[in-house]
Structure formats: structure tokens, C-alpha cells
Amino acid sequence: MVCTLAALVVSIACYRRHPSMRIFPYYIASSLLSDIIVCVAFLYYPGDFLLLAITSISRYAWVVFEFVALNLFILRSVGSPSWKRIIRINALAFFVLLILAILTIPYLHTHQVYYFTLQSAFLVPPCLIYFYRLFQTSNLRPLKDQPAFWVITGILFLKACSIPLLLTIYLMKGYEETVFTINYALYSLLFALLIRAYLCPPSNAQSVTPEDSIPVSA
Amino acid sequence: MNSPTGKIVVLIFVIATVMILLLLGFILVILFLYRKRQMNFTLQLESIKANAEKELLKTQLEIQEQTFQYISRDIHDNIGQFISLAKLQLNTLDFSQLPLAQNKIAHSADLLTQALDDLRDLSRSLNSDLIRNNGLVPAIELQIAYLRKLDVAEISFGVTGDNRFMDEQSEIFILRIIQEAINNIVRHSDARKVDILLRYEQGHLFLSVEDDGVGFDPAAALNPNSTGILNMTKRARLIGALFEIRSSPGTGTTVNLSVPY
Numbered sequence: 001m002v003c004t005l006a007a008l009v010v011s012i013a014c015y016r017r018h019p020s021m022r023i024f025p026y027y028i029a030s031s032l033l034s035d036i037i038v039c040v041a042f043l044y045y046p047g048d049f050l051l052l053a054i055t056s057i058s059r060y061a062w063v064v065f066e067f068v069a070l071n072l073f074i075l076r077s078v079g080s081p082s083w084k085r086i087i088r089i090n091a092l093a094f095f096v097l098l099i100l101a102i103l104t105i106p107y108l109h110t111h112q113v114y115y116f117t118l119q120s121a122f123l124v125p126p127c128l129i130y131f132y133r134l135f136q137t138s139n140l141r142p143l144k145d146q147p148a149f150w151v152i153t154g155i156l157f158l159k160a161c162s163i164p165l166l167l168t169i170y171l172m173k174g175y176e177e178t179v180f181t182i183n184y185a186l187y188s189l190l191f192a193l194l195i196r197a198y199l200c201p202p203s204n205a206q207s208v209t210p211e212d213s214i215p216v217s218a
Numbered sequence: 001m002n003s004p005t006g007k008i009v010v011l012i013f014v015i016a017t018v019m020i021l022l023l024l025g026f027i028l029v030i031l032f033l034y035r036k037r038q039m040n041f042t043l044q045l046e047s048i049k050a051n052a053e054k055e056l057l058k059t060q061l062e063i064q065e066q067t068f069q070y071i072s073r074d075i076h077d078n079i080g081q082f083i084s085l086a087k088l089q090l091n092t093l094d095f096s097q098l099p100l101a102q103n104k105i106a107h108s109a110d111l112l113t114q115a116l117d118d119l120r121d122l123s124r125s126l127n128s129d130l131i132r133n134n135g136l137v138p139a140i141e142l143q144i145a146y147l148r149k150l151d152v153a154e155i156s157f158g159v160t161g162d163n164r165f166m167d168e169q170s171e172i173f174i175l176r177i178i179q180e181a182i183n184n185i186v187r188h189s190d191a192r193k194v195d196i197l198l199r200y201e202q203g204h205l206f207l208s209v210e211d212d213g214v215g216f217d218p219a220a221a222l223n224p225n226s227t228g229i230l231n232m233t234k235r236a237r238l239i240g241a242l243f244e245i246r247s248s249p250g251t252g253t254t255v256n257l258s259v260p261y
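Which chain is which? The protein sequence lines are A and B, in order.
Reading the first sequence from the start, the letters are residues 1 to 218 in the numbering used here.
Reading the second sequence from the start, the letters are residues 1 to 261 in the numbering used here.
Watch out, some of these pointers could steer you wrong.
[Said to hold, decoys possible] Pairs of lysine-lysine residues, derived as PhoX-like cross-links and limited to a Cα-Cα distance of at most 25 Å, are as follows:
hint, chain 1, residue 1, chain 2, residue 2
1, B, Lys-234, B, Lys-49
2, B, Lys-54, B, Lys-234
3, B, Lys-104, B, Lys-87
4, B, Lys-7, A, Lys-173
5, B, Lys-36, A, Lys-144
6, B, Lys-49, B, Lys-36
The hints are simulated quantities; they were obtained by calculation from the structure and are not laboratory data.
Whole structure, please, built from the sequences with the hints as guidance.
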């Protein structure tokens, strides 16, 4: 929670510093709101049907919103039109599978964690594409001064580690809370890296992509 | 610490530490690899820059060499001939035949005047002071006046758009390109009509020199011996201009030049 609040404060304070990161204050605020709703529902009103419905809907909304926000940022960071097309196809595939899963697999309605697993699985490839393109082009700007590097590293780490954790959560009877704690720790790492990204010096260019440079052969 | 809660706390702590170490390791590896690649890229860029500067110097020296050749040719073919002829006339003077001698002296004076005019024209064409003091358009008008004096073809010159002073180097090079184009028209084209148009447009200056002469095959003309066209191409490249020659045998020739401001 502390990390989330710190990231929110930094993202609002540095809102104008990096135009490409303007989605993140909303992302962090949504994450905070979603956590608060879930915490309040389960701590103070366990079993309340309306709150259960609200938390359920907020989870669905969060899965979609998080995917859209992070995917958009990665899409902006990868300049190559052909790779952008692949990322868009990946996003389309995610939405199609998500809708199919909601409509055809009733089991998932009570095991919503698997939606997060699906979302994580579809967020890892765009991150890998970003790193692949990073080494396909050359940029004179040091990597540590590129906000996209820090953010996408955080996203990749969070989502890649989430997949095995969330897939096995129901196999670890009695350890579900531990798994969620680890998941929150991963989110804290992401927010810490977001703070680091905001501390990068502002760029003179409109966008800061690895593509704003000369492509060199591998 | 032996209680289940204690074990869970230890487990979470260990997993969190491992995650942080993995993340740090990943970041360090990527930063190291990227930095190595960046250094190679910087070295490549420096090498490209050094090569480009070498090419630029080479081009400038070639242009200078061609200018010297042009001067040498003009002096030998025109000025030298007139002076030689005048000298021959004066050497064969026979004062016993006064009227003939007077004719020869008068003819020699004409030849020397012609030589002096040519020398003056050559000097003026190579001197960039006219551009420096008056700008590109008066310098072009002078070239056209020279062409009209030769009575080679009917020449028209038009300027459209708001006149803009460009940097001196660009204007000198544009003038040299026009001079080269005019020389080619005089020497090779047999043209009866020449149209020169200068258009000052948004962001660039557009020049066109069009004649109705015999035309030629531009691809065939691009050989090392065809220094005129190569000269024009190199000069255009030096000022970042787009240069184009459109011609084919029997259809005349158009030289187009687009120079950014």
C-alpha cells in the first residue's frame, strides 16, 4: 500500500515530465481503488452478496483496464509498425479468449484468478518484443535514462512471475494468502520501477522509443 | 518461528528476496549488454562521420580541380587564340604597305579587345563578389547577358515568389550549376530557345533550365569523362539540394534543382 501511494504521488507530481507515461496515474489510482474495495468487502462485509458482486465486477474491470493500460504503453514504446501490428493482434486474441472464457467456462466465475493468469500470459509477449527491438536498434540515449525500459522491465517481471503463482494457487491449500502476498510484493516492485522511470530525465523528443534511432542489423 | 505463521513469514521473505535479486540481476545484465551495443554503435557513427568528411573534402577538391581545368581550357581555347592571332598579325606587319599595316593593327586591336572582354567575362564568372554584394538574381542576369551576347539562342528568365537571401555558399553553388548548364547548352545543344525559371517556394528554391536542343541520354552521359554533369551533381549534393536532368535524344533538356532554405 505504501509503495502504491508513493508511486501515485510521484506519478501526479511528474505528470508533465514524461508524456508517454500519462496513463500511469490513472492506472495506479485504479489499482489502489480496486484493492480498497476488495479489502473493505472481505474484512468488514464478508458474505454480503452486493459487495461480492461489486468486487467481482471490479476484478473483471481491473483485468481489462490493466491489460489495456499496460499494452498501450508497450505499444507506444515499440515504434516498428510490423511489431505494433503483432502486439495489436495479441491484444485482440486476449479479448476474444477472455470473452469466450467468461461465456463458456462457468468454473472460472468462482476462480477469477485464472483471468489474471490469462491476462499475464498475453502481456509477456509484448514485453519480450520490446526487449527484442531494444537490441535491434541503437539509441544514443543511455538505457537507464529511458523510462520505457524501467516500466516494461517491471511489467515483464510482474506478469512472468504471476503466471506460475496464480496457476498453482488452488493447488496450495492453506497458502492462498501467501501467494496473494507475493503477488502484492510483485506489484510493489512494479510501482518501485515506475517511480524510477519517473525520475529519468525528460526527453527532448516527443516520444522515447528505441525506434527513434538508426536501425542496425543484428 | 517454528509456528506455521512464522514459517510462512520466512517463506515470503525468502521468496521476496529471491525475486528482488532476480530482478536486479536481469536489469544489470540488460544494462551491460545495451551499453556494450551502444559503444559499438557510437564507434560506427564516428567512422561513418569520418568517412563522410573525407568524401566531402574529396568532392570539394575535385570541384576545385575542375574549375582550374575550365579556366585553363578557356584561356587556351579563347583568350590564348586571340592573343596568338594578334601577335601573328603584328609580327607580319609591313610598314612599306601602310594601308595593309593599318588594317592589321586595327584587326589586332580588335582581337586584343576580344581577348580582354573574354578575360573580363571569365574573371567575372568566377568571382563571387557579385553574389556577395547583390544576390543570386543579378548574378544570373549577368550570365544571361553573356549568353545573349553570344547570340546562341532566345533566352527568357523569370523569377516568381518572394526573393530570399540564402547562405552565400549555396547561392554560389547554384550559380555554378547554372553556368555549367548554360555552357552545356552553348557547346552541345544547338538550342534555339532557353527558359530559365527561378521559383521561391515555401521551404525551398526551385530552379529550372530548359532548352529545345538536340537532347542526350543522361545515363550514357554519366561517365567519368563527363565532368560537367558530375560537377553539377556533386555541387548539388554539397548544399543538400535535389538535382535532376531530364532529357532524351531529340526532345531537348531540362535541368531541375530544388534547394532547401
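### Query
So which hints don't hold here, by number, going up?
Per hint list: zero violations.
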